[in-house]
Each structure stands twice: as structure tokens, then as C-alpha cells.
Amino acid sequence: MIPLYWWLVVAAALFCIGLYGVLSRKNAIGVLMGIELMLNAVNVNLVAFWRYVTPQTLTGQVFAIFVITVAAAEAAVGLAIIIAAYRRRDTVIVDELDIMRW
Amino acid sequence: MPTNVVQIVVFAILTLMTLGGGLGVVSSRNLFHGALFLVLSFAGVVGYYVLLDAGFLAAVQLLIYIGAIAILILFAIMLSRGLMSQRQSQRNEQWWIALLVVVLTFVVLAVVLWQVDWPVASDQALASPSVAISQLGQELLGPYVIPFEVASVLLLVALVGAVILARETET
Amino acid sequence: MEFFFNLVPLIPLIPLLAFAAIVLFTHRNNRLSSNIAIGGIALSTLVSWGVVLATILAGEHVQVEGWELPIPWLPTGTTVFNTGFAVDGFTAAMLFMVPFVCTMIFIYSQGYMNLGQPNQDPRYARFFAYISLFAAGMLGLVVADNLLLLFISWEVMGLCSYLLIGFWSFRDRDNEQHIDEAQVKRARAAALKAFITTRVGDVLLFSGLALLFSYTGTLTFREIFRPDMLEHLGSISLLGMPAVTVIALLAFGGAVGKSAQFPLHVWLPDAMEGPTPVSALIHAATMVAAGVYLVARMLPLFVAGFETANAPALQWVAVIGAITAFFGATIGLAQDDIKRVLAYSTISQLGYMMMGLGLGSLVAGIFHLLTHAFFKALLFLGSGSVIHGMEHGHHAAGAHGQTSQHDDGFSANDMKTMGGLRHKMPRTFWPYMAGTLALVGIVPFAGFWSKDEILAEAFQRWQESGALGLPFWVWLAGTLGALITALYMGRQIALVFWGEPRHEAATHAHESPNSMTGPLMVLAVFALIGGLANAPFLGSPLHHFMGGVHEASEVVHSATVSFNFAVAGLSTVVALLGLLGGWAIYRNYRAGEVEPFQRWLGPIFTLLRNKYYVDELYQLVIIRPVVWLADQVFNFDNRWVVDPLVNLVGAVGRAAADISLLFDKVAVDSGLVEGTAKAFNAFGGWLRQTQTGRVQNYLLVVAVTVLMLLGLYLYL
Amino acid sequence: MDAIVLWLTSLFPQMAVPTARLIVHIVYAAILSFVAPVVLVVAFTYMERKVIARIQDRVGPNRAGPLGMLQGFADAIKMLTKEDITPAGADRIVYNLAPGLAVIGVVLVFAVLPVAPGVIGTDLSIGILYVVAVGGIGTMAVLMAGWSSNNKYALLSAFRVVAQLVAYEIPMVIAIIIVVLTAGSMRMGDIIAAQNVPFLFTLPVAFFIFFVANIAEIGRSPFDLLEAESEIIAGFHVEYSGMKFAFFFIGEYMHLFVSAGIATTLFLGGWRGPGASEASILGALLGFVYFLAKTVLLIFAMMWVRGTFPRFRIDHLLDFGWKFLVPVGLLTLVAVALVLKLPFLSSPVLQWVGLLVANVAVIVVALAAVSLAARRTRSVALRSVAGAER
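Chains as they are written, first to last, in the numbering used here: chain A, 19 to 120; chain B, 191 to 361; chain C, 2 to 717; chain D, 3 to 392.
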């Protein structure tokens, strides 16, 4: 089997890529995609730990399912917010959505 | 357990898909392409799950991430099309700090993960993971029934919230 | 009779269902709503009394060990939160009192909120929904077999208290002209104050519970109080104390907040802004007693690891109780508002209960809790009846045209405007007297027996230790408190019921409806005979009934304190002296005079009248800085950045216009203004760089911080 | 399939069982992904044309070959020889990827389609979930095609596709859940084994919902808004021509077959029939014939529907999905779950009857609700008309 460390590093890499997307993307949808990547990295971690550390109990998979649920809800609400903001302010660029600024 | 060559090759391909897709997501200028890269990355993760003997999760990943979330994102991109001209930069001005931070984070994580001695289960346990979906169902409706119900409430709330947010304001 | 135990879960459930029914279905129908609420609580009372009877008949077995119904609840992964219901002698004693007092007050409320009258409260149904929910919370607290359910009920009560104190915090401008704007504001402030102040205690309590759960993995009383569990808790050291003491003190923090003990007592007097039945129910009889109940329930934790006489947690309880008992009573001496006097009296009496518990005597504290609930509810309801009568008198006076409409100074609560009401409202007066005598502690009224037991306990402890230690001071505070209690009650009844009417309203006051005076009579009976429950000459029945509930823990022991004629005699003499003195001094008080006490005590009286300036202290030390900070943040641009700029523009314009005439002044002015503006502008400009309004910026900061923390954690 | 593996190993004694199995699977996969599309498309286009023609009182293709049977091949040759156009301004990569994806999404379903006793790519424990999951890929392909064509009609069509497919995926999944609940498994083999009485007869409502939702998922008339010629020309593939268009075409007809096959498996008992068994090659062949017959019957029904019903309007379409199919599906789900858990329905026969009764009850309730709603809207409409006249 593939060593656990590989999975963890891959997941960490995916997480970092997602984080970079969240931090550097101008477009709100791009930010959302970054978040999805991060959540996926978390899931890979959970499943890898399940498979390697506690293969007899399904805790890891159960948690992954909950993460997926949350991701689905988050995507729906996030995109709804983006669409609403787009309608009101004609932009999906995060930097321009700053009416809360000082 | 011995490492199978086929497994390594498959893992490498999947990693290429996943991380390559991820990089595509954060670097492509065309947002639509970014979303397609996201799909590629999700597909890689599906493969990961299959490789990790989590068939049910693989199907769920396919169904929800590719079948629902990615399509939703593509849809949103098409709805807001024409705003983001491809000539203008897709990165904000802090991207280089972000890159620095992210690379540092990765290095730290990789080092830490390497140093930890993970309590990997015995070979015997590794050889026979519990993969029955019925057991998953029992777990979800047994010990995890409260989180399960909370998740259902969350989905309902998200559904209603998304509808209200995205609805045209009737004025 | 065992059958009744199976109905225990219904006791809190019935009022809860009544609440749901009112909120969901019947809220449009006022009469039906109030009847549902009353019916619910009455049914609950019947069940409760059935349970009490069953407990009595079941004998020592149930009274000490208790009956219980555990319910596994909320399985989450590997952790399961258990909840459930339990009844033992202690619970049964509470179950006798709580639903019954609730019922009386519910019936009273129907009249007080002017059912069917033209000035009926527009949120009438809502009021009954709230108090039903409250009753559910209080009863749930009593029958809970674990701290989780207890805490949930505790918070439900806190919420209801908030809602009910602020019941008149908004008004319908068209229908409620009788509620003035100032009152609305006061109600809002009082509700907030009560909620936030008790929250301080609740946070402490919650951290105590979390600590307890993390050590023991359970919140069920029976399991916590197992001797081995207590020993285990005692062996862990935390902050230089045994963990069990820390937990006990944190729980006591919660009780201090809820039971309005010093220094968190400030919310209770303000809580009198709520409707009077609420004051009687929540802020005299039941909810404030919940803190005492909690301490009593968790008494083994307070004692564990020490001798009863020198357990530090217990000593804290005694000290705080004694301070509160004395200190509350003295403030009550100088208040004019009839309900505030009673509020401070409540604080003081709660202090007595804490004193009793702090001396390690479960029965003394709880006995006083029970009798106090009856006579204080009676006093509050009586004062409500008086206020009601005064308000009607005021209306009547206005209607007769004898006085100018709504003269500003009038307050129906002010004792100085009353006087001579004993002839006008005899059916309020006599129960009120019974309540007063009970509170003051005159034989054979209820308060005499219960207060005496606490004092006797303290006295005996003092005699045992033989030194002027804590028991002595507790006893002294208690006895002096009794004197002052008698004084302010004498003052109150003299001002309200004797003398001449000092206002037209008092002249026109008339008796309240039967639904209000009826409960007064019933409660008066209990104020008279309630003390028999634990009277020494009957062999202290209550003591045998509930004294043993903590025996299983092997740390709390109960021994009967023999009746001490010296103590009882002294306190009776003191009480009589105080009562007659207060009555004699104020009997002939006339409107506009300087109060006798004010003449004699001078600055001390002012200190008392201003409640030792505790509120002002809090205002200065806590509230002002917080509000100031909030204001600064808010004003940052408004005043410091924008305004100077505006000033600058104005100054420049004026300079151009008046350059020849006011050259000097303008130069100075614009120089100063411009300078100030520039300085602040630069400062603000520098500061606002951090507030970019860009999510990703903030997130980047978060990421960097996490990274740095990670680095610190790993490599340092 | 195991029989073939056995036969192979007996033919070549040196061959190990896993190798033989691998070979058999590869061959099977090759048949499904290369031979099946061509055969299916040719056969079903011909069938469709003939059926529609008959419904419309025409003859249909009758020139190429006997009875026009070679018409499909002629069309294929025509398509292959046509010029391959990529419109200017199109997103080249995405544009070229889309047709392939459209076919892949369908071919993947074949992996869990039991076409004959013992003949299935892999009998996954999550078989039917896999089918639903893979369905998302087709949607993706349509979106990509619509977006990359740089054509407003294509884009509009893509929007419609998403709205329609997402809306109808939910009732479809509900219908599938009802079946899974009754069968107690998501494995295709178990679902077939559970159908001693085909679910069509015990769960008619679920079958109806699945059937309708399936038509919508394929995008066939009367749910063919994504390619409504009068509104948006050809729809998402308006810019495609030649081989790429052929891919979409193939994808559509394979989707038709696969959907009908899944419906057969879920509701008509799959390959089950007298004499069909896994034991012998003959039994397997018989099973394949049963499967094919049932599937073709369903496809015929779909064509019949196409020939009969006019096209929905977009809002009617979404209303029908969300306000009729989904509630009815949920109602059926609850009813079926209750029936399955009722203690006194202990024998299988009693349970079948119970399920049927529950379904009939649901039908009655649904129809009553619909007629009530219709009456109300009609009276409102009549009143407004009357008001306008006055």
C-alpha cells in the first residue's frame, strides 16, 4: 500500500493550493472554488486516516460525509450570495464588495 | 504491506490530476477553464477514494462535487459572464504575499507530517477494512444521529437561504 | 401511590405544552389563553402533590435514595449525554411549594392584567405564554436528575425573566397611552441589566459544569455524588485547590448571579419594572431561589475533601450570604418604592438561605426557602394589589376632575403617596399583615421557625468553636439583619396602611377584584402555618423528610439543631422591637416631611438610599469603559475624521469672508482647527489602512497569524 | 461471464484465472464502448423514424436497403464525411472536449448495467448510486458545449439543460430510493433478485416518476426544450458538425438505451424471465433476450410519448418537476417506508399487496390534489376574465 505520508502530503498540497486560490483570486467565484479545494483536501485527509489508522470503524467516512454536506450547503449559499451581490452591485470582484469598509 | 506498482502508478496519475487541476483552478485566467480544472481535481479525488477503498464516498463525491457543486459553479460563472474580461489580471495585489505564506505553510505541514509517527493500524486490520455501506448507514443513524439530523437541518436552511438570497427582489 | 412517580416527566411538560398551545394556537383569544395557562399549572400542581404524597407514603427509602428515570439522550459519537428525572425528599419538598405558588400567582395575574377590562393589557396572551414557559423551566429544574437538564431549565428561566422584566419595554402608541416613555426605557434597561448580570454568573456555572464533565464524564447527580467520584475530584489539584472546590465555587458563581447575592445583586431591584405577578413569581418565590436550590443540590461538592466546618467553598457561601443578608436589609430601609423595599428584602432573605447552606445545614436553608416563597409571594402580590388599587384610584381621581390630568410626579409604587389604605383595602391589608409578621419572624408565623433555625445553627456552631470566628459573625449579621428587616417592614406598613392618604389616588383607592385577593388569602394561610412543616415541637418533620438526601455522598451529614430558647427569644424580641419601632416612627408621617430616618441618620441614609453606590461603581468601572470604547470605535470617523474636515472647510470659508474684520481670530481658529484636523486625519489615515474592507486581506492576516503561531508552537 | 472465464481457462490451461477475467472484461468493455454505440444508434434511429412515422401516418425511411434499414448507415457515412467546423471565438479545448465527455458519461453507466444473467461489468455494492453519480458528467458535457460554442442559442440551451436536469434529477433519485428501500440494496444484482414480482406492479407510482424523469433527463420530447428548434435552433450543439455532432447523437441514443435498461433493471425485473439463469450459456442468452425485449418495449413507450405529447413550456416543465413529481415522490417514499415496516404484512405476498395499495392511494391523493388546484386556478382565471368583460 501507498504510505500514509504520501496521502497527507498530497492533501496538504491541495489544501495549500486552495488557500492560495482563496487569498489571491479576484473573482468571488474563484474564491469559492478555492474553498472547495480546501474542503476536498480535508476529506482526503479524513478518508486516508480512516483507511490507515482506524480501518475497522467508519468514523472517518462519516466525517467526510458531513464535510461534503457542509460543502454542498456552503456552495449553494455562497453562490446565492454572489448572484445577489452581482445583481445589486454589478460585480463579483471581491475587492469591490467593500461597503463594510470603515 | 507491500506497495503495489500499479497502485503507485495510479496514485501518481491521480495526484497529477488532482494537484494539476488545483493549480489550474487558482492560476487560469479564464474562470470557466478554472471551473473545469476544478472538475478535473474533483475527479482525481474520486480516484483517491476508490484507491482508499471508500467506494461509497467516491460515488458521493462524483454525485455532489461534480454533479452538483461544479455544475452550480459553472452556472454561476455563466450568469455573471462578460464582467470579467480575460485581459485583466485575475490576481489581486496581495497574491505574492499569499504565495509566500502558502508555500511556507506547505513546507511546515510537510515537515511536521513527516516527523509525526502515525499510529497506523496493524497489517491485518489494514487488509480488511470495513467497507460495508450498511455499516455506514448504521453509524449515521446510530451514534451519529444527532449530527446527521443537524446536517439535514443545515441543508434545509441552506436551501431556503439560497432561494431567498438569489430571488429577484420584487419591487 | 408509586404510580405517581411515572407521571413526574409530566410536571414540567404540562406547562410547556400550555406555552406551546398559547403561542401556536390560542394567542388571539385572551381568556382562553389565560385559562389554558392556569389549567396547565393547576394540573401540574395536582400531579406534583400526588408525587409528594407518594414520596411521603413511600417512606425513607424513596425520600433518601430517591426515585429516578434516566433517559439516554443525544448520542454523539462515543459520548452520550444522559438526562432524566429524579424525585427524592428534597425534590418533593420543592414540588410541594413551586407549582402551588405558581398556580396562585397565575390566578392572581388574570385579575392583575385586567382581563376583560377596557385597559386590559394588549399582550395579555403573551404574558401567560411567558409565565407558562417559566413554570416549565422552574419545574424542570426541580425534577432534573442531572446538571444538564438543570442548566437548560436554568437558562429557560433566565430567558423568561428577561422577557417578563421587559414586558412593558415597547408599547403600542395607540392603545397604551397609560404607559409612559420613561417607563418603557426603564423596562428595557432593567431587562438588559438582569440578563447581562445573571449571564456573568451563568458563564461561571457553565464553566463549572464543563470542568465537572471533563473530569467525571457525567453530569448526573447520583453519579457525581458517589463517594469514590468525590474522592477522585478531591484528589485532582487545580489552581492550588482541589478541583472539586473550584467546581463548587464556579457553580456558586452561577447561584450568586441567579439568586442576586452580593456583588451581583444589582439586577433584582431593577427587575421590579416587570409586572408585579412576575416580581412575585420569578423574583421572589421561585427563580431567585433556584440559585439556593443549586447550592443545596450540589452541597456534597462544596464539602468534599474537608470537614464541614472549614470547607473553603462552604465558607464562601456563608460569608457572601451573611454580607448579602445584612447589606440588603439596610438598603431596604431607605427605599420609597413599595416593590423595591420588597426586592431588597428578597435579596436579604436569599442571603439568609445562603447563610444556612454555608453553615452546612441543608434543611435550614431549604426550610427558609420554602416559607419565604410563600410569604414573599404574598407580600409581592399584596403590594401589587395596593398598586393596582392606587392606579384605579388615580384614574378615578382623574375622572372626577378633582385633580389635573396625569400630574407628573405621581407614581403608583411610591409609598409616600399612599397612606391609610387599611380601611380602603381590608382584604389586602390583613393578608399583607400576615406576610409581614411572617417575614419579620413573629411566633407562630412561618418565618419565625425557618429564620430561627438558621440563627440557631450559626449560634450552635459558634458555641462549638468557642471563638469569635466565622459562625459568630454570621450569627451577628443574621440577628442585626432581623432587626433591620423588622424596621423596614414596620416603616412600610405604617406608610402604606396607616396615617392619612397623602394623595388623591390614595383617597380614591379601592379594593382589588376577587381573583387577586383570593390568592392572597390562601397564601396568608400558608404564611401562618407554613412553619409547622419543620417546627421543633412537632419533631422537625421536614428534617426527617429531606435531611438525608445527601447521606449517600458520605460527606454531608445532617444533625438536628435543638430548639434554642435564647436565640429564638432574642430574635423575637429584636423583631418585635423593630416592627413596633418602625411602625411608631412612621405612623404619623405626613406628605412633604423629611423622613425621620433621614433626619437621624443623615449621610448614612443617603448612602443607603443610593444602594451603597454599587450601581454607580459598576457604571464607572465596567460599563463606562466598555461603552466608551464602543463609542470611540463608532465615532472614529464621524467625529474625529469627518467633523474636523467639515470644520476645516467652514473655517476656510469664514476666513475668506471675514478676513479684514476678524483677522486675528481667524488665524488662530483656522490654525488650531486645521492643525487638529490634520493630526487626526493623519492618525486616522494610518489606522484605517488596517481596515481595508477586503475579506481576502483579513484572511491573509489570519493565515499569517496561524502560520506564525504554528511556528511558535513547533520551534519554541 | 464467469462461464466464459471458465471456458477460457479450460481452453488455455496455462492462463491464470485473473488474467482470463481481465481479458474477458476488456473484451466486454470494448464491445460496449465501440460496437454497442454504432449498433444502438443505427438500430434506434431507424426504429424511432419508423415508429414516429407510423404515428404520424407516414411510411418513414424506405429507400436505403430493404425497408430502409440501411438508412442509419447512410447517415453515419454522411456525418463522417462532413466538414468539421470549429466556430471562430470558440473555446477550442473545451469545445473539442465536450462531445467526448458526452459519450463517456453514458458509456460509464454500462459498467453496472446487468444485460444478462452474470453479464455485468462490475456489480458494485453501490451500483444504482453510481448510475446517478455518473449522470452528472453528461450535464457537464452539455454545459461545456453550450458555453464554448460562443453562440447565444447554445448558451441558452445550456442554461435550460441545467435547470431541467437538476430539477428532474431529484424525482428520479426519489424513485430510485423507493426501489432501493424495497429491495434493501443498491447492488444491481440484489435489486433484480428482489423482483419476484417486478416493481412495476408493486410500485407503479415510482415507475411513473422514474420514467417521466428519465425522459426529461435524456431531453426527449416532450421535455426537449434544450433543443427546441423553434426557439433556440438546435440547442447546445448548434455549432457542431460532422463527427463531433455524431458524438452527441451517439451519446443521446446510448443514453436512451441505458436509461431504458436501468428502468428495466429497476422496475421490470431486468433479465428475469422463464428459463433465464446464470448457470448455462443458453440461460444467459435467454436472459439477454428478455432484457433486450423489455428495454425495447420501454424505448418504444418513450417514442410513443414523443409522438403523442406536445412540448412543455419552460415554466410548466419546472412546475411539473418541482410541484408535482417531487411531492408525489416524497409521499410515495413515506407510504412505501411505512408499508415496509408494518408488522402485520409479514408474508411477501401481503407486502406486495400492501405496496400496491399504498401506491394506488398515493395516486388517488395526487390526482385529487391536482384536480383541486386546477379547479381553483380555473375559477380564478374565469373570474378575472369575467371581471375584464364587465
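Think of the hints as simulated: they come from the structure by calculation, not from any bench.
Each residue gets a CB set at the ideal place from its N, CA and C atoms; glycine is no exception.
Mixed in with the good hints, there may be bad ones.
Said to hold, decoys possible - One-sided excerpt, in silico: chain A residues whose CB lies under 8 Å from chain B:
hint : residue
1    : C34
2    : I35
3    : L37
4    : V60
5    : F84
6    : T87
Going down the list of hints, with the structure as the test:
1. Among the interface hints, the one on A/C34 holds; its C-beta lies about 4 Å from the nearest C-beta in chain B, closer than the 8 Å criterion.
2. This hint holds: A/I35 has a C-beta 4 Å from the nearest C-beta of chain B, less than the 8 Å allowed.
3. For A/L37, the interface hint holds, the least distance from its beta-carbon to any beta-carbon of chain B being 5 Å, beneath 8 Å.
4. Nearest Cβ of chain B to the Cβ of A/V60: about 11 Å, over the 8 Å cut. The hint is violated.
5. With 8 Å as the threshold, the beta carbon of A/F84 comes within range of chain B, its nearest partner Cβ sitting at about 6 Å, so the hint holds.
6. A hinted interface residue such as A/T87 counts as satisfied when its beta carbon comes closer than 8 Å to some beta carbon of chain B; here the least separation is about 5 Å, so the hint holds.
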